[in-house]
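With chain A fixed as given, assemble chain B onto it according to the hints.
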Amino acid sequence: MNQTALDARHRALGARMVPYAGWEMPVQYSGIVDEHQTVRTAAGLFDLTHMGELWFEGPEAGAALDYAVLTTPSKMPIGKAHYSMICTPEGTVIDDLIVYRLGEQRWMVVANASNVVPVVAAMKERIAKFNVKFDDATMRTSLVAIQGPLAAEILQPFIDIDLSKVKYYSGQETRACGVPVLLARTGYTGEDGFELFVAWDDAVPVWDKLLAAGLPKGLKPVGLGARDSLRLEAGMPLYGQELSRDTTPFEAGLGRVVKLDKPGDFVGRAALERAKGAPRKQLVGLKLTDRGIARTGYPVYLPAASEACGSVTSGTSSPTLGYSVAMAFVPVASSAVGTVFELGIRNLRATATVVPLPFYKRST
Amino acid sequence: MDIPGNLKYSDEHEWIAADGTMGITAFAVEQIGDIVYVELPPVGTIVEATKPFGVIESVKAVSELFAPASGKVVAINTSLADAPETVASDCYGAGWLVKIEMSKPAEVAALKDAVAYGAMIASH
Numbered sequence: 001m002n003q004t005a006l007d008a009r010h011r012a013l014g015a016r017m018v019p020y021a022g023w024e025m026p027v028q029y030s031g032i033v034d035e036h037q038t039v040r041t042a043a044g045l046f047d048l049t050h051m052g053e054l055w056f057e058g059p060e061a062g063a064a065l066d067y068a069v070l071t072t073p074s075k076m077p078i079g080k081a082h083y084s085m086i087c088t089p090e091g092t093v094i095d096d097l098i099v100y101r102l103g104e105q106r107w108m109v110v111a112n113a114s115n116v117v118p119v120v121a122a123m124k125e126r127i128a129k130f131n132v133k134f135d136d137a138t139m140r141t142s143l144v145a146i147q148g149p150l151a152a153e154i155l156q157p158f159i160d161i162d163l164s165k166v167k168y169y170s171g172q173e174t175r176a177c178g179v180p181v182l183l184a185r186t187g188y189t190g191e192d193g194f195e196l197f198v199a200w201d202d203a204v205p206v207w208d209k210l211l212a213a214g215l216p217k218g219l220k221p222v223g224l225g226a227r228d229s230l231r232l233e234a235g236m237p238l239y240g241q242e243l244s245r246d247t248t249p250f251e252a253g254l255g256r257v258v259k260l261d262k263p264g265d266f267v268g269r270a271a272l273e274r275a276k277g278a279p280r281k282q283l284v285g286l287k288l289t290d291r292g293i294a295r296t297g298y299p300v301y302l303p304a305a306s307e308a309c310g311s312v313t314s315g316t317s318s319p320t321l322g323y324s325v326a327m328a329f330v331p332v333a334s335s336a337v338g339t340v341f342e343l344g345i346r347n348l349r350a351t352a353t354v355v356p357l358p359f360y361k362r363s364t
Numbered sequence: 365m366d367i368p369g370n371l372k373y374s375d376e377h378e379w380i381a382a383d384g385t386m387g388i389t390a391f392a393v394e395q396i397g398d399i400v401y402v403e404l405p406p407v408g409t410i411v412e413a414t415k416p417f418g419v420i421e422s423v424k425a426v427s428e429l430f431a432p433a434s435g436k437v438v439a440i441n442t443s444l445a446d447a448p449e450t451v452a453s454d455c456y457g458a459g460w461l462v463k464i465e466m467s468k469p470a471e472v473a474a475l476k477d478a479v480a481y482g483a484m485i486a487s488h
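Sequence order for the protein chains is A and B. With the first letter of the first sequence counted as 1, position 154 gets the number 154 in this note's numbering; the numbers rise by one all the way through. Remember, this note's numbering sits 364 above the position in the second sequence when you count from 1.
In case anyone wonders, no lab produced these hints; they're calculated from the structure. All C-beta atoms in this analysis are idealised placements derived from N, C-alpha and C, irrespective of residue type, glycine included. One or more of the hints may lead you astray.
Unchecked claim - Derived coverage of chain B by chain A (criterion: at least 3 residues anywhere in the stretch with Cβ under 8 Å from a Cβ of chain A; other residues may be distant): (1) 395–404; (2) 422–434.
To be verified - Cβ-Cβ distance ranges computed for the label pairs, FRET-style: (3) B:N370 <-> A:S244: 50 to 60 Å; (4) B:A473 <-> A:R245: 53 to 63 Å; (5) A:P205 <-> B:S443: 45 to 55 Å; (6) A:P358 <-> B:V438: 21 to 31 Å; (7) B:T409 <-> A:R140: 53 to 63 Å; (8) B:S443 <-> A:P89: 55 to 65 Å; (9) A:S306 <-> B:P416: 20 to 30 Å.
With the rest of the complex left out, here is chain A:
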């Protein structure tokens, strides 16, 4: 089991540690609801070292990535980030990714911790015929994120650049807290925030300085439990729940990621051209109008039907909204906003209505 450079910090803060994707990670410190609300109203500090950092460098790095993933990294301006995916030849999802272009011939791709092994394997195979150097930096890179409305204010004193000029979904190499960082304005919470990719041991000064400076402003450490409830409110997919090798990007409501108009072939193109007009299921957001919490795998029924027509992918009691929400796959013909379903929660049926995603959107 891998431990992050911040392991002793988490334990000293009283975190409950859990195994996750081969790492011992903090699932909660003060409590999931408190941490969740802290990120919505102030800011939270996250250790996300388990994520995978994959580097692509060389004259054909852009072309190699264009072939390997669904988007067009070669067309990104330097300093930009974008959301992408890597698919099987059958057009189903191997992982969702954030791609950062950091130089004329340099990109970093961030993969989910649980998928680093399959993503690395697929990437190596796909880029073999291109002139590109591949480097899996996961085990020497720490990732500290600060997320929430006060994130910029807390981080600003530790960085020379003016954060008000740093755009959402950008990434650049600079210094912060006295160490070299790759500073990205990205996140997985539905709030403004930053992710700081640093050399392994440099996570310690970054964490310590931000936490000390942020505590008086309400900053708290936040674990994977609240990260999950935050992303769910923000309607963001989690691999293994909303995304899988049984699901196309179109079915997950993420067809915008599939750049069928880009020049040249890419892995999955033919299958995705067919899949575009033929989704077998549709991901929807559900608001429960009855009591109860729908969890992953619970069945979804049309009213009074005895056979399930779909299943819940994620669900919780929303700390921000005060009612239960879920995401689920349902038949395409029954996926319109306003459609009423029943969710099988143990022996009971709870009524739920399709609502637009995301469930929560920040006001600013």
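Below, chain B alone, put in the same frame as chain A:
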């Protein structure tokens, strides 16, 4: 951690009083985290010792409730439907779960007393 001396305790961290009232312990509350939903059986349900009789949910997870003793449910704490957090704030008082009419009172004698239960969670 609070472990009242007048109650008996199961290995699954439920408590039961002499009158058949039961709930979860402070240790269980800490393990579960923020309690956001409690599902209890209707009055009249027959519960069996060590078997699940309801669930308690946090934001993250579902935890089953295991009956510390067998019997028929004669009352449920209906206030928990609107205020499930009461279980966390007062797990031995206002946060009680159900009251049963015990069918095998001898089962209670086999449960742990406060000292034995305290020793069990200390070694956890």
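Taking the hints in turn, this is what the structure says about them:
For the segment 395–404 of chain B, the proposed coverage by chain A is satisfied: 5 residues have a C-beta within less than 8 Å of a C-beta in that chain, meeting the threshold of three. With a threshold of 8 Å between beta carbons, the proposed coverage of the segment 422–434 of chain B by chain A holds, since 4 of its residues qualify and at least three are required. Under the hint 50 to 60 Å, the C-beta atoms of N370 of chain B and S244 of chain A, about 51 Å apart, fit the expected range. Between A473 of chain B and R245 of chain A, the C-beta spacing of about 54 Å keeps the proposed range 53 to 63 Å intact.
Checked against the hint of 45 to 55 Å, the C-beta distance between P205 of chain A and S443 of chain B comes to roughly 49 Å, which is consistent with it. Between P358 of chain A and V438 of chain B the CB atoms are about 45 Å apart, so this pair departs from the stated range of 21 to 31 Å. Taken as a hint, the range 53 to 63 Å holds for the pair T409 of chain B and R140 of chain A, whose Cβ atoms sit roughly 57 Å apart. At about 56 Å, the CB distance of S443 of chain B to P89 of chain A agrees with the hint of 55 to 65 Å.
Judged by the Cβ atoms, the range 20 to 30 Å given for S306 of chain A and P416 of chain B holds: they are separated by roughly 25 Å.
Checked against the numbered hints above, the structure breaks only hint 6 and satisfies the rest.
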